[in-house]
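Q: Chain residues, written in single-letter form:
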Amino acid sequence: MSELNTRRLLLAGDTTLDPLGRLLERSQEAPRLQISAAPYGQVYQILLNASHPAWEFKPDMLVLWTAPQLTLPSMEKLLRFASGPASEVYEVVLREAEQFAQLVVQAASRVAQVLVPTWVLPSYERWIQTLTWRHGVGPANLLAKANLILAEKFSARENIVLLDAGYWQASLGRPAYDPRMYAVAKILYSPSLFEKAAAEIKSVLRGSLGQTKKVIVCDLDNTLWGGVVGDDGPESIKLGAPDPVGECFHAFQKTLKGLRSRGVLLVICSKNDEKFALSVIETHPAMVLRKSDFVAWRINWKDKAENLVALAKELNLDLDSFVFLDDSPQERDQVRQVLPEVHTPDLPVSPSELAPFLSAMTCFETQTIGGEDLRRTEMYQAERGRKEALELSTDVDTWLKSLQIEVRATPLRRETLARAAQLLNKTNQFNLSLRRLEEESYWNWAAQNGNASYTFNVVDRFGDFGLTGLVSFSFNGTEARIVDFVMSCRVMGKKVEEALLGYAVARAMTAGADRVVATVVEGPRNQPIKTFFASKFLSGDAATIDPAHVGIPPQISLKEEVFELQPAL
Amino acid sequence: MNELIAILNDIRPGQNFSKADNFFEQGVLDSLDLTALVAALESRYDVFIDVDEITTDNFRNLSAIKTLLERKGVWSSSAA
Chain A
32 MSELNTRRLL LAGDTTLDPL GRLLERSQEA PRLQISAAPY GQVYQILLNA SHPAWEFKPD
92 MLVLWTAPQL TLPSMEKLLR FASGPASEVY EVVLREAEQF AQLVVQAASR VAQVLVPTWV
152 LPSYERWIQT LTWRHGVGPA NLLAKANLIL AEKFSARENI VLLDAGYWQA SLGRPAYDPR
212 MYAVAKILYS PSLFEKAAAE IKSVLRGSLG QTKKVIVCDL DNTLWGGVVG DDGPESIKLG
272 APDPVGECFH AFQKTLKGLR SRGVLLVICS KNDEKFALSV IETHPAMVLR KSDFVAWRIN
332 WKDKAENLVA LAKELNLDLD SFVFLDDSPQ ERDQVRQVLP EVHTPDLPVS PSELAPFLSA
392 MTCFETQTIG GEDLRRTEMY QAERGRKEAL ELSTDVDTWL KSLQIEVRAT PLRRETLARA
452 AQLLNKTNQF NLSLRRLEEE SYWNWAAQNG NASYTFNVVD RFGDFGLTGL VSFSFNGTEA
512 RIVDFVMSCR VMGKKVEEAL LGYAVARAMT AGADRVVATV VEGPRNQPIK TFFASKFLSG
572 DAATIDPAHV GIPPQISLKE EVFELQPAL
Chain B
32 MNELIAILND IRPGQNFSKA DNFFEQGVLD SLDLTALVAA LESRYDVFID VDEITTDNFR
92 NLSAIKTLLE RKGVWSSSAA
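As you go down the protein sequences, you meet chains A and B in turn. Going by this note's numbering, the first sequence opens with residue 32, and the numbers climb by one from there. Going by this note's numbering, the second sequence opens with residue 32, and the numbers climb by one from there.
Honestly, I wouldn't trust all of these hints.
What the hints assert, rightly or not - 30 Å max Cα-Cα, derived DSSO-like pairs, lysine-lysine: (1) A/322 with A/302; (2) A/344 with A/306; (3) A/306 with A/245; (4) A/245 with A/285; (5) A/333 with B/103; (6) A/217 with B/103.
To be verified - Label-pair distances were calculated between CB atoms; the ranges are: (7) B/74 with A/315: 44 to 52 Å; (8) A/217 with B/74: 18 to 26 Å; (9) B/101 with A/202: 41 to 49 Å; (10) A/380 with B/49: 35 to 43 Å; (11) A/171 with B/77: 27 to 35 Å; (12) A/114 with B/53: 44 to 52 Å; (13) B/77 with A/315: 42 to 50 Å; (14) A/217 with B/49: 30 to 38 Å; (15) A/332 with B/103: 54 to 62 Å.
Said to hold, decoys possible - With the C-beta cut set under 10 Å, the calculated list includes, among others, these residues of chain A facing chain B: (16) 50; (17) 211; (18) 214; (19) 215; (20) 345; (21) 349.
Derived by calculation from the structure, the hints in this document are not laboratory data. If you're wondering where the values come from, they're calculated on a predicted model, not measured in any experiment. All residues carry an ideal CB built from backbone N, CA and C; glycine is no exception.
Chain B with its partners taken away, still in its complex shape (with noise of 0.2 Å):
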C-alpha cells in the first residue's frame, strides 16, 4: 500500500491519498492523472489495463486500485 501511495505522489505531490474516498470527486486527480497513473502502474507492475477499465470508478480510491491490481495478480491477499 505505501509502494501505491509512493506511486500516487510522484504523479499529485503533497495530497492525503489514505483519507480521500473518491480522488476525482475529491479534486486529489484528474482525468489527466488517471491515465499517468495507468502508465505508472503499469510500467511497475508489469499489468496490462485494458481501455474498458480505465474508469475513475476503478482509480477512485485506495482500495479500488488495490482490487483492480489484486485482480491482475499483483498482490496475494496476504502480501497486501
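Bound-form chain A, shown alone (with noise of 0.2 Å):
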C-alpha cells in the first residue's frame, strides 16, 4: 500500500483556475493529486447543491478560491460607489461574507477537508488611502473584517482551513495579478501566484497527513555561526550585536529555537572538535540555543553522512523526516548523494538571508500545535536518561523495571484526535495497516457502529511519552478485526507493545469477541511490526490472534479509563 495515495481535489472559484490545477496535477510533490477545476463562476451553485455535476468527481478535497469583488455582490458595488456612500453597502458586504461562510461551513461535510485562500483584492486596485482603512468606510478595513468572519464562522469545522492569500501575494516580489490573462481567459493571477499557492497548498496537504520533517540537522562553523571557531576562537566568531553578520547568524538561531520550540528537533553534525563545540555552545554569551536545545550531536571528524545514519538510529527516527542545513556546498552534495532521502537544501550565501530562507521552508508543516509538540525535545532528553540507565544495568528486564513504566488507555476523544491522526499518519514502522486518514474522517470512522478506536499514554520515571499508542477495532459479530495498531517509535524496545496488544485482546474479548484477527500489511519500513505480531498468531493461522501469546508484561502497569463501546462525543 503506498503511502501517498493520489487524492481528488476539486478546485472551485470565480475565475479560471485551470492553471493552478496543471500545476498542482503535474507537481511531483506529495501528496499526488487528480484534480477537477470546475468551470468558474458557479460558487454558490457548488456549495449549495451536492447534486451539482461537479460533485460527480466525488472529491476528498475542495479547494474553494475566490475573489471578494466577484463573489460578493456588494464588494464591487463599494469599490466603484455604485450604491451610494460606501458605509451604506459596508454592514450589507459584511452579510454576504456571512452567508458565503455558512455555505461553506454546510459543504464542508462533503469532503474530508477544504482549503479557502483568504479574500484579497488584487494589489493593481488602488482605492483612496485616506479613506480605505477607515471603519464602516473603506475596503480594505472591510476585508480584514470579511476574513475575520469566515475565520470564525470556520471554527466550527476542523476540517476547514483558510490559507493566508494576502501572504502570497507579498511573498512574491513579482507581480501577482495579470489583468491581461483575465480580459484573454478570465485568469486573474499571475503564473508566479498560482506557483505560490500550489506549494503552499501542497505543503498544508502534506501537514494534514502527516507527511513533515521532523529534525534539522546543522553544521556549526558558518552555519550557526560566522567563521570557524577551531581557527578563529570563540572570541572571533560572528554571533550576535553589533557585527552585522553576527546579527544575522544570531537571528538564524532565533528562527530554529522558534522550530524547537514548536516541536522540530535540532541536532549538530559538524567537523569540531567536541568538548571544545559544546563549550562554546554553553558559555558564548550570545548564543541562541544551547546544548539543551539539541537532542543529539556528532561532533568529530567522521564522513557526515555516516553521522547522519547514526543519529537517525539514536532517535529512532527515518531519514526521510531529516532536514541537512549545512553551508558547504561539498558537504551537501556528499550527503545528496549517499543519503538522497536526507532534505538537503542550498543554503543562501549571504548571512542576512539565512533565517528568511528557514523561515519560509514548507516542510515544517503542521496541523496543530499540542503539548505533544511542545514538550518533544524534552521527552527525547529523558530518552537519553534512559539510555544511560540501561547503560548501567545488567539485563533488559531489570532496566525496564527501573523505568516503573505506566500505559493509561482510554478511548478517543474530541480532545485527542488530533494526537491521534497525527500517530496514524506519521508512523511508518509500528504501523499495523499504514491507514492514512484525516481527523474528521478518522473520528467519523471510529464512531460508526461496530467500530471503537483507542489510544494510549505512556509515562515512565523519567518523563512523559505522551500519547503513544493507538489501536482500533472493527466488529463483525463476535469477530474482532484489529483496524488499526499504531505505535510511536518513541516507545519501542519497552515492551509498551506487549501491553497494548494484550489489553487490546482482553477489551475485545470482554466487548463479546470470541476471535480476534489482524492482518499486517506489506510496507516499506514496518519489518518492526511484521515481527512483533509474527510471534502472536495461532499456528496454521496468519490472522487469528492466540491470546495465549499476548499478555500484559509484568513490568508494566496498565490503567484505564471508564469505557463506552462508542467514542463519547
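Build the complex from these two chains, which are given one at a time in their own frames, with help from the hints.
A: Listed below in C-alpha cells is the structure:
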C-alpha cells in the first residue's frame, strides 16, 4: 500500500483556476493529486447543490478560491461607489460574507478537507488611501473584517483551513495579478502566484497528512555562527550584535529556536572537537541555542553521511524526516549522493538570507500544535537518560522494571483526536495497516457502529511520552478485527507493544469477541510490526491472534479510563 | 528554434510541434496552454506581449511565434 495515495481535489472559484490545477497535478511533491477544475463562476451553485455536476468527480478535498469583488455582490458596488455612500454598502458586504461562510461550512461535510484562500483585492486596485482603512467605510477595513468572519465561522469545522493568500501575494516580489490574462481567459492570478499557491496547498495537505520533516541537522561553523571556531577562537566568531553578520546568525538561531519550541528536533553534525564546540555553545554570550536545545549531536571528524545514519538510529527516526543544513556545498553534495532521502537544501550564500530562508521552508507544516509538540525536545532528552540507565543496568528486565512504566488506555476523544490522527499518519515502522486518514475521516470512522478506537499514554520515571499508542477495532459479530495498531517509535523496545496488544485483546473479548484477527500489510519500513505480530498468531492461521501469546508484561502497570464502546462525542 | 520547442515541451510534453500547422485547431495546445506560453516567452525573452497580441493566430505554429518574437526584436533574422 502506498503512503501517498492519490487524492481527488476539486477546484472551484470565480475565475479560471485551471493553471493551478495543472501545477498541482503535475508537481512531483507529495501528496499526488487528481484535479477537477469546475467551470468558473459557479461557486454558489456548487456549495448549495450537493447534486451539482462538479460533485460527480467525488472529491476528497475542495479548494475554494474566490475574489471578494466577484463573489460578494456588494463589494464591487462599494469599490465603484455604485450604490451611494460606501458606509451603506459596508454592512451589506459583511452579511454577504457571513452567508458565504455559512454555505462553506455546510458543504464541508461532503469532503474530508476544504481549503479556502483568504479574500484579497488585486494589487492593481488602488482605492482612496485616506479612507480605505476607515471603519465602516473603506474596503481594506472591510476585507479584514470579512476574513475574520470566515475564520470565526470556519472554526466550527475542523476540516476547513483558511489559507493566507495575503501572505502568498506579499511573498512573491513579482506581480500577483495579470490583467491581460483576465481579459483573455478570466485568469486573474499570475503564473508566479499560482506557483506559490500550488506549493502552499501541497504543503498544507502534507501537514494534514502528517508528512512533515521532524529533525533539523545543523552544521556549526558558518551555519550557526560566522567563522570557524577552531581556527578563529570563540572570541572571534561572528554571533550577535553589534556585528551585522553576527546579527544575521543570531536571527537564524532565533528562527531555529522557534521551530524547536514547536516540536522540530534540533541536532548538530559538525567537524569540530566535541568538548570545545559544546563549551562554546554553553558559554558564548550571544548563543541563542544551548546544549539543552539539541536532542543529539555528532561533533567529530567523521563523514557527515555516516553521522546522519548514526543520528537517525539514535533518535529512532527515518532519514526521510531529516533536513540537513550546512554551508558547505561539498558536504551537501556528499549527503545528497549518499542519502538522497535526507532533504538537503542549498543554503543562501548571504548570512542575511539564512533566517528568511528557514522561515519560508514549507516542510515543517503542521495541522495543530499540541502539548506533544511543545514538549518533544524534553521527551527526547529524557530518552537519553533512559539509555544511560540501560548502560548501567545488568539486564534488560531489571532496567525495564526500574523505568516504572505506566500505560493509560482511554477511548478516543475529541481532545485526543488531533494527536491520534498525527500518530496514525506519521508512523511508518510500528503501524499495522499503514492506513492514512484526515482527522475528521478518522473520527467519523471510529464513531460508526461496531467500530472503536483507543489511545494509550505512556509515562515512566524519566518523563511523559505522551499519547504514543493507538488501537482500533471493527466488530463483525463475534469477530473483532484490529484495524489500526500504531505505536510511536519513541516507546519501542520497552515492551509497551505487548501491553497494548494484551489490553486490546482482553478488551475485545470483554466486548463479546471470541476471535481477534489482524492483517499486517506490506510496507517499506514496517518490519518492526511484522516481526512483533509474527509470534502472536495461532499456528497455521496467520490472521487469528492466539490469546495464549499475548498478555500485559509484569514490568508495566496498565490503567484504564472508563470505557464506552463508542467514543464519546 | 530548438529553444522554442523546449519551451513548448515544458508546457505540453510529448507533442510534435515542428510538424503542426495549427496547434490550436489540431489539439496540440489549448487556450490555457496559450496563457502559459505567453508567460514563459515573456520571462525567457524579457518581452511584453500585449493583450491584443494574445490570439491563437499569433501562436498557431512555430513560424508564427518566431515572427511575433522577431517583431519584438528577440531574434535577428540571421540568428533564427
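Q: Hints first: check each against the structure and report whether it holds.
A: Structure-based check of each hint:
{"no.": "1", "hint": "A/322 with A/302", "verdict": "holds (17 Å)"}
{"no.": "2", "hint": "A/344 with A/306", "verdict": "holds (22 Å)"}
{"no.": "3", "hint": "A/306 with A/245", "verdict": "holds (26 Å)"}
{"no.": "4", "hint": "A/245 with A/285", "verdict": "holds (18 Å)"}
{"no.": "5", "hint": "A/333 with B/103", "verdict": "violated (57 Å)"}
{"no.": "6", "hint": "A/217 with B/103", "verdict": "holds (26 Å)"}
{"no.": "7", "hint": "B/74 with A/315: 44 to 52 Å", "verdict": "holds (45 Å)"}
{"no.": "8", "hint": "A/217 with B/74: 18 to 26 Å", "verdict": "holds (22 Å)"}
{"no.": "9", "hint": "B/101 with A/202: 41 to 49 Å", "verdict": "violated (36 Å)"}
{"no.": "10", "hint": "A/380 with B/49: 35 to 43 Å", "verdict": "holds (41 Å)"}
{"no.": "11", "hint": "A/171 with B/77: 27 to 35 Å", "verdict": "holds (34 Å)"}
{"no.": "12", "hint": "A/114 with B/53: 44 to 52 Å", "verdict": "holds (47 Å)"}
{"no.": "13", "hint": "B/77 with A/315: 42 to 50 Å", "verdict": "holds (47 Å)"}
{"no.": "14", "hint": "A/217 with B/49: 30 to 38 Å", "verdict": "holds (32 Å)"}
{"no.": "15", "hint": "A/332 with B/103: 54 to 62 Å", "verdict": "holds (57 Å)"}
{"no.": "16", "hint": "50", "verdict": "holds (6 Å)"}
{"no.": "17", "hint": "211", "verdict": "holds (4 Å)"}
{"no.": "18", "hint": "214", "verdict": "holds (5 Å)"}
{"no.": "19", "hint": "215", "verdict": "holds (5 Å)"}
{"no.": "20", "hint": "345", "verdict": "violated (43 Å)"}
{"no.": "21", "hint": "349", "verdict": "violated (33 Å)"}
In this structure, the hints that do not hold are numbers 5, 9, 20 and 21, in rising order.
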